[in-house]
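Q: Given next are the chains, with one letter for each unit.
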Amino acid sequence: MSGTTNGNATYTADEMMSIAASRELRGGVVCFVGIGLPSEAANLARATHAPECSLIYESGTIGAKPEVLPLSIGDGELAENADSVVSVPEIFNYWLQAGRVDVGFLGAAQIDKFGNINTTVIGGDYDEPKVRLPGAGGAPEIAASAKEVIVMLRQSPRAFVEKLAFITSVGYATGGNSREKLGYPGAGPSVVITDFGILRPDPETKELTLVGLHPGATVEAAKEATGWKLKIADDLETTYEPEEKELQVLRDLKERTEAARKAG
Amino acid sequence: MELGEAVESLVSDGDSVAFEGFTHLIPFAAAHEVIRQGRRDLTLIRMTPDLVYDQMIGAGCASKLIFSWGGNPGVGSLHRFRDAVEKGWPESIEIEEHSHAGMANRYVAGASNLPFAVLRGYVGTDLPKVTSTIAPITCPFTGEELMAVPALTPDVAVIHAQQADRNGNVAMWGITGIQKEAVFSARRSIVTVEEIVDEFEPMPFQTVLPSIALDAVSVVPSGAYPSYAHDFYARDNAFYEAWDPIGRDRGKFEAWMARHVFGVEDFAEHLRSIEAEGMVKE
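Top line first, the protein sequences correspond to chains D and V.
Just so you know, we're using the numbering used here here: the first sequence kicks off at 1 and counts up by one.
Just so you know, we're using the numbering used here here: the second sequence kicks off at 1 and counts up by one.
Don't take every hint at face value.
Stretch-level coverage of chain D by chain V, calculated; a stretch enters the list once three of its residues show a Cβ under 8 Å from a Cβ in chain V [to be verified]:
| # | segment |
| --- | --- |
| 1 | 59-65 |
| 2 | 160-169 |
Under the rule of at most 20 Å between Cα atoms (straight-line distance), these lysine to any residue pairs were calculated in the SDA-like manner [to be verified]:
| # | chain 1 | residue 1 | chain 2 | residue 2 |
| --- | --- | --- | --- | --- |
| 3 | V | 129 | D | 157 |
| 4 | D | 262 | V | 146 |
| 5 | V | 129 | D | 233 |
| 6 | V | 129 | D | 54 |
| 7 | D | 262 | V | 35 |
| 8 | D | 65 | V | 142 |
| 9 | D | 130 | V | 241 |
| 10 | V | 87 | V | 268 |
| 11 | D | 262 | V | 91 |
| 12 | D | 262 | V | 241 |
| 13 | D | 262 | V | 129 |
| 14 | V | 252 | V | 239 |
| 15 | V | 129 | D | 231 |
| 16 | D | 262 | V | 234 |
| 17 | D | 181 | V | 143 |
| 18 | V | 129 | D | 174 |
| 19 | V | 64 | V | 35 |
| 20 | D | 262 | V | 244 |
| 21 | V | 64 | D | 129 |
| 22 | D | 130 | V | 248 |
| 23 | D | 181 | V | 76 |
| 24 | V | 87 | D | 122 |
| 25 | V | 129 | D | 126 |
| 26 | D | 163 | V | 93 |
| 27 | D | 231 | D | 157 |
| 28 | D | 65 | D | 30 |
| 29 | D | 163 | V | 123 |
| 30 | V | 87 | V | 248 |
| 31 | D | 181 | V | 148 |
| 32 | D | 223 | D | 233 |
| 33 | D | 130 | V | 171 |
| 34 | D | 181 | V | 146 |
| 35 | D | 223 | D | 124 |
| 36 | V | 129 | D | 184 |
| 37 | D | 254 | V | 76 |
| 38 | V | 252 | V | 234 |
| 39 | D | 130 | V | 239 |
| 40 | V | 87 | D | 124 |
Rather than coming from a laboratory, the hints here were simulated on the basis of the structure.
Quick reminder that beta carbons are idealized off the backbone N, C-alpha and C, glycines included.
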């Protein structure tokens, strides 16, 4: 659904996804941000309802306040106005592993019904994969140690799969209380935001359940975009449409980013 | 020391070499020198292999890669890396794959002369199934189950920094990633710098590596390009985007390397040669 307009409204499904994801970030939290879509949503939150949140990037920047969106996780923009810049071991050991991160904000190539994530290989086997993806990066430990995790990715049958080719980062493992048995300090993914809607884990089984639909999206389309039999909440909500300010700030941010990239 | 001489005397075929830099201060000039000198059978180590390892792998320098995230950040795949892993071109490459936290702790263990590091991670993922250098360990004091990863002890660490002083001490600032740990974990080290100064000015988040911890320091202005050097030049994001179609195609890649890496004397000439083709922004 990326790049299409949603019904008669004047925003795209991708814009709705970023805005819905930004709303999940509460003010004042310490958020460990993945590059790409999570970074866009986190900075939108910082520029709208959550100016007090501290954004941490794995390159070592704490309290990053980028004016434009970084292309890479270690752009100079992130260090420029940061509260502190520390080494990579310090970020992972003193901040993430020590429990100082409230929210981990991740993207993914593939996700399964228990919120486990694959960013390693697709197709074939590990030694001779059809597609070699970048790999783990910071995600396994973010998924392990952040107090909660927000995942953001576009929904399609290739991305939302019954069985992952590779488990790079653990969500709720095999469901139920199986994550607790692994001994991870963090609670796991609290929400998955897509271009169709919002999924949350069932409190008991931990299976991701569609609890909200974005305006213009349908249950049928969301089911078709999911590689497993998607559960739908009884009290399915509709995401409220982007506010004028949210759209304005998001578009300004992307425009500034584009202009900065062209200017080199 | 001239960079060519440093590489000649400190990097040998079959060595394990860590060219570190987390988006910032990536030692492109030194890597090009290694490629030009035709080093083979290297074990390349790096948390975030990007274009420079794409170039080294495509040029056939590497037989093994130890890493935690291999991509062209914000752009897409490393096509030469993928071609080597998926199709064995120009030769197949062994991979040893970790997470960032695992790699960071492996460097810390190496820098501390300890055999391994412990962390909370990897449990429940498929990484321990495919990577033999991840193993469970029980804390002797609390009984907690943790994961152990062996120390990284590269033969050579190669980094780029902003400045050196006349005594060979090196200063870097901005995002300094894992470079300090990489240098201390390695048996030998090569540093390229933007410039030599009489005296360092205090800079925010500055790290100074004393000359006694380093083996060679070479001045190579713009030696991190197309990566960046904080307060010297910005990352050329357009170059990273322009690399995608070059890296995607074996023929284009070989032609590009022949013109801009093998066919030049040094990094200054490399920069002039890509500028002539409009690949440098400034």
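Q: Among the hints numbered above, which are violated by the structure, and what are their numbers in rising order?
A: 3, 4, 5, 6, 7, 8, 9, 10, 11, 13, 15, 23, 26, 33, 35, 38 and 39
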